[in-house]
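A.B. asks: Next come the chains, spelled out residue by residue.
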Amino acid sequence: MSAGVSTLPAASRPETPMQRAWRRLKARKAAMFGLVVILALVLIAIFAPLIAPFDPTRQSWAAVRKAPSALHWFGTDEVGRDLLSRVIFGTRASLAAGVVSVGIAVALGVPLGLLAGYGPRWADTVLSRITDAMLASPFLILAIALAAFLGPSLTNAMIAIGVTATPIFIRLTRGQVMTVKVEDYVESARAVGNPRWRIAVKHILPNVMPQLLVQITLTIAMAVIAEASLSFLGLGQQPPAPSWGSMLNSAQRFLTNAPWMAIWPGLAIFVTVLSFNLLGDGLRDAFDPRERG
Amino acid sequence: MLALVARRLMQLVPTIIIVSMMIFGLQQLLPGDPATIMAGEERDPEVIEQIRKQYRLDQPIPLQYVYWIKGVVKGDLGESMRLKEPVSRLVAQKLPVTLQLAAMAMLIAILIGVPAGIVSAVKKDTPWDYIVNVISLWGISTPNFWLGILMIFLFSVHLGWLPASGYVSPFENPWQSLKTTIMPAFVLGNSIAGVLMRHTRAAMLQALSSDYVRTARAKGLGETRVILAHAMRNALTPVITLGALEFGTLLSGAVLTEQIFTIPGFGKLIVDAVFNRDYAVVQGVVLVTSATYILLNLLADLGYILVNPRLRT
Amino acid sequence: MKAPLRLGLVALLAAPLLAGTALAQSSIRIGLAEDPDVLDPTLARTYVGRIVFSSICDKLFDIDEKLAVVPQLALSHETSADGKTVTIKLRPGVKFHDGEPLDAEAAKFSLDRHRTMQGSFRRGELSQIAAVEVVDPLTIKIQLKTPFSPLIAQLTDRSGMMVSPKAAKEAGDKFGQKPVCAGPYKFVERVQQDRIVVEKFADYWNKANVSIDKITYVPIADSTVRLANLKSGQLDLIERALATDLKDIRSTAGLKVATAYELGYQGLTINVGKGEAAKGPLGSDPRVRQALEAAIDREAIVQVVFNGEFKPGNQWINPDNAFYQKSLPVPKRDIAKAKKLLAEAGVKTPVPVDLMVPNNPETRQVAEVIQAMAAEAGFDIKIRVTEFATSLKEAEAGNYQAYILAWSGRTDPDGNIHSFASTGAPNNYSAYSNATVDAALNEARTKNGMPERMAAYQKAASQLLTDLPIVYLYHRLVIIAHRDRLEGYRQMPDGLVRVVGLKVKG
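Chains as they are written, first to last, in my numbering: chain A, 1 to 293; chain B, 1 to 313; chain C, 1 to 506.
It is worth saying that the hints were derived from the structure and are not from the lab. It should be emphasised that the depicted structure is a prediction, and the values quoted were computed from it without experimental measurement. We put the CB at the ideal spot given by N, CA and C, even for glycine. Don't take each hint at face value.
What the hints assert, rightly or not - Label pairs and their computed distance ranges (CB to CB):
#: 1; chain 1: B; residue 1: W161; chain 2: C; residue 2: K166; range: 47 to 57 angstroms
#: 2; chain 1: C; residue 1: G99; chain 2: B; residue 2: E46; range: 34 to 44 angstroms
#: 3; chain 1: B; residue 1: R7; chain 2: A; residue 2: S188; range: 28 to 38 angstroms
#: 4; chain 1: C; residue 1: A258; chain 2: B; residue 2: L159; range: 24 to 34 angstroms
#: 5; chain 1: B; residue 1: A6; chain 2: A; residue 2: A107; range: 50 to 60 angstroms
#: 6; chain 1: A; residue 1: P195; chain 2: B; residue 2: Q54; range: 51 to 61 angstroms
#: 7; chain 1: C; residue 1: S284; chain 2: B; residue 2: G160; range: 33 to 43 angstroms
#: 8; chain 1: C; residue 1: T85; chain 2: B; residue 2: Q54; range: 49 to 59 angstroms
#: 9; chain 1: B; residue 1: K179; chain 2: C; residue 2: K145; range: 50 to 60 angstroms
#: 10; chain 1: C; residue 1: V70; chain 2: B; residue 2: W161; range: 40 to 50 angstroms
#: 11; chain 1: A; residue 1: P53; chain 2: B; residue 2: L99; range: 23 to 33 angstroms
#: 12; chain 1: C; residue 1: P137; chain 2: B; residue 2: L99; range: 31 to 41 angstroms
#: 13; chain 1: B; residue 1: Q54; chain 2: C; residue 2: N209; range: 36 to 46 angstroms
What the hints assert, rightly or not - Dumping the calculated DSSO-like pairs for lysine-lysine here, alpha-carbon to alpha-carbon at most 30 angstroms:
#: 14; chain 1: B; residue 1: K84; chain 2: C; residue 2: K95
#: 15; chain 1: C; residue 1: K178; chain 2: B; residue 2: K84
#: 16; chain 1: B; residue 1: K53; chain 2: C; residue 2: K311
#: 17; chain 1: C; residue 1: K393; chain 2: B; residue 2: K84
#: 18; chain 1: C; residue 1: K174; chain 2: B; residue 2: K53
#: 19; chain 1: B; residue 1: K74; chain 2: C; residue 2: K95
#: 20; chain 1: B; residue 1: K123; chain 2: A; residue 2: K26
#: 21; chain 1: A; residue 1: K66; chain 2: C; residue 2: K311
#: 22; chain 1: C; residue 1: K311; chain 2: B; residue 2: K74
Start from the sequences, fold in the hints, and give me the full structure.
C.D. replies: Now the structure itself:
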């Protein structure tokens with residue numbers, strides 16, 4: 001029998017941290033609910049043209065601001081477009097905004113965080129000061145200013161939110177790096193002569209993953225609201241393409257005439273963000289080493 | 001200890017300088033010429049030129065930055081181009097309003113979040129846990145401008161209980177002041193409540209499984225006493241200090257909330273200033289809020305360390 | 001002895017009651033759509049600022065519902081035969097809020113301040129004035145460089161507002177923080193973005209018609225919230241109620257509506273001469289622009305977006321205006337004509353158009369409707385919502401092909417067209433240049449008689465409506481809603497809220 005191969009039956013092989021986390025996550029009903037809803041939203045976004053009963057940009061000047069009915073389940077908006085279809089297509093903008101912005105923030109923030117935590121001292125000082133500065137300024141103001149600078153569009157809103165959220169990931173990564181880098185296996189890898197970047201990627205990064213996953217989920221939730229806020233101010237998705245935030249903007253004037261215009265998009269944002277938050281909280285609990293089980 | 005404070009204070013200076021450069025630079029990048037916007041509908045070219053000169057917009061950008069910083073050091077935050085009032089006076093007028101809103105929001109957040117966190121921790125994984133979870137998460141998950149609109153619709157338009165907008169200072173009329181600020185404060189506080197709930201829950205869970213609580217239980221003390229006397233005391237301290245850090249979130253939230261409820265505070269001032277390219281106002285206000293936030297951060301850290309001597313090293 | 005004692009007692013008891021009624025101040029609250037900028041008539045530039053001015057700063061002349069000039073601080077005006085001298089007689093016995101008299105010296109001071117003060121936004125309006133002379137304590141003479149018929153109309157707005165020389169000299173450019181004029185109300189206090197408070201001026205020349213003691217102006221940007229405040233009684237009057245709320249307001253007990261069609265317009269400015277963007281089919285061929293106009297159904301826009309309350313228009317003044325060219329009426333939508341024109345012009349459809357739209361919900365809605373309409377004729381309009389500040393910059397640089405832009409309007413038609421269509425004029429974002437139009441517009445502003453001016457405008461209009469540097473879309477309705485406890489309110493087309501003659505019932 002060769003010594004390197006495990007001969008224990010699969011069931012009693014010690015589980016990896018990831019497997020344990022997944023098992024714990026499955027046990028949490030709230031988190032699973034969130035996960036299921038998110039998957040449903042993703043499917044809605046992908047199959048929108050098949051699900052939506054009408055073309056979301058088709059105007060119907062005779063059916064302006066009609067209340068929910070059998071034909072238009074959610075009612076119509078100020079130029080007669082079907083609200084249900086617009087909410088369905090709006091899923092694309094909002095999910096994209098959430099994921100892409102956070103993608104940008106992670107792509108920029110994690111490497112910078114690794115650099116700050118494990119690179120030369122001066123890099124840490126500079127990056128920490130910049131991060132402090134960005135986190136000290138009101139997030140929405142920076143995002144508004146950036147979006148105004150880049151020009152109103154969904155893409156620019158995503159960039160603005162992504163850049164403004166980057167310091168969160170820099171700080172998170174750096175913090176984790178600081179904790180991990182003093183561990184024995186890292187020190188010994190260093191002693192053996194491994195270059196710093198290799199250690200960062202091979203040893204440190206995997207340890208950052210759990211916290212990163214939690215933060216990503218929670219930041220996606222924040223980004224969806226941020227995109228809605230920017231669109232609400234007119235800086236995000238441009239007409240006639242639907243976005244939940246810009247739908248709320250249009251709905252403001254018609255609160256007494258056509259309240260349904262405000263209810264559905266708001267509800268959609270709420271459900272989406274709630275799901276990401278539930279999932280994020282669940283992940284946090286699942287990865288928590290202090291938890292029993 | 002003193003060395004720590006000194007070191008943190010020293011870090012404060014470059015951070016604020018970076019904030020000032022960042023916001024100054026960002027504004028300059030914004031397309032749109034403040035002089036043209038200020039010039040009104042008539043767009044008289046001579047007047048535009050004259051405005052540029054008056055506000056030094058024709059100078060090279062680094063020079064404009066230097067002028068501004070020189071003023072700030074002397075306590076002069078510049079003048080609002082649109083309102084023709086000194087920025088420091090605008091700040092003095094509006095800061096108390098936003099602070100009142102923030103304080104009320106924080107109170108509401110604590111009243112909702114802390115008990116929710118305690119219940120959630122003590123009754124972990126029971127239906128109570130889920131219910132409380134969703135209620136406080138509701139706050140973070142709802143876009144505050146949507147909640148604000150719906151509340152106005154319900155309480156002002158439909159029921160007529162509360163005024164739809166405006167602000168009355170508590171020194172003028174405390175009851176009316178409460179009526180005008182309760183809705184926006186609730187909307188703002190909602191979003192923080194969830195965060196506080198999470199912190200409280202985590203801190204309580206940690207406290208409940210800690211040694212001294214186990215000892216207390218072993219000594220035979222009733223569960224309620226254990227919770228109230230021992231666990232809570234230790235759980236609450238980090239929660240309160242963390243609460244101070246939420247000031248930044250409150251300010252971000254205040255931006256849209258003040259728009260909707262027409263509260264003449266900081267948030268509204270900034271949004272209008274950005275859209276009107278009123279540079280001095282945006283720069284001045286962001287500088288003040290960032291400095292306050294950094295100071296609060298510092299105080300929170302110090303407080304945390306004071307409470308928990310083990311972190312002093 | 002008993003009777004006088006009893007009388008005395010009654011008087012004693014009645015006195016506080018009477019004093020109470022005398023002290024009971026009538027006060028109203030007016031909701032504005034924005035916070036006004038600086039309250040200095042020389043430096044002010046917003047439409048909403050004029051609403052506040054109408055209570056604190058009287059002008060030399062005012063207008064009535066028919067846009068005719070009526071006396072206010074001045075009694076009469078007379079223009080010389082050559083049109084270069086205008087003599088104005090002032091009203092005697094008028095005082096400023098600080099007690100200073102309004103005489104010819106004060107009038108000259110005010111006009112010179114508007115003309116020459118650094119940062120003055122009235123310079124352009126009064127640029128034709130060469131000098132203002134004092135003839136006698138109640139008469140001034142204005143010398144013009146060239147004849148200028150819109151002059152008196154200018155004096156019915158901010159350019160005609162009189163300020164106290166003493167207060168203005170003392171305050172300099174800080175006058176706006178505590179303005180001192182000669183209107184029915186005097187300035188009390190202002191908290192930025194919160195309120196402006198004014199109170200009755202005891203020595204007002206027309207004080208018999210002023211009964212309300214205090215007015216508070218409150219800026220509330222959200223129209224739904226503004227209306228909610230009116231309904232709940234926290235506001236007594238609101239400006240710029242939405243057309244889509246009219247039905248609701250009219251059916252609410254306790255509320256009244258006052259309306260008038262505006263002096264201005266909403267239109268599509270087309271880039272015909274500035275930079276690369278102008279070289280596309282829309283900018284270079286008037287037939288393409290005519291096709292675009294033919295594809296637009298103005299009636300439908302007004303119906304869908306504004307519940308039919310606004311008025312479709314095709315000229316720079318609204319169809320009820322005396323200067324409107326009846327020979328060029330508002331065209332109906334004609335898709336066949338649009339397609340034919342595009343074919344004639346030989347352009348490949350769909351024709352791409354970059355439409356810049358300032359960021360406000362109603363304008364965006366109009367843009368979306370136009371986009372759908374024009375698509376049927378063969379236009380592919382891409383909507384680019386831009387922040388207002390940025391859109392101005394873009395327009396100046398020529399980075400647009402079409403731009404939805406509104407103009408608030410001036411009393412004299414010259415104010416609605418000269419600066420927009422003359423070669424090189426400041427508001428001419430289209431970069432339109434046509435010698436015939438230039439000559440006609442200049443002719444219209446130097447002639448005084450109505451027939452000559454109409455003839456000149458007829459020439460300008462036929463050329464402009466063929467070249468279409470601006471496609472005029474509609475004219476808004478000024479909608480003021482107020483509680484019925486306010487009596488005596490009349491709406492003028494300039495949109496201002498006039499407070500003289502207002503009474504509070506009960």
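A.B. asks: Which of the listed hints are broken here?
C.D. replies: 5, 7, 8, 11, 12, 16, 19 and 22
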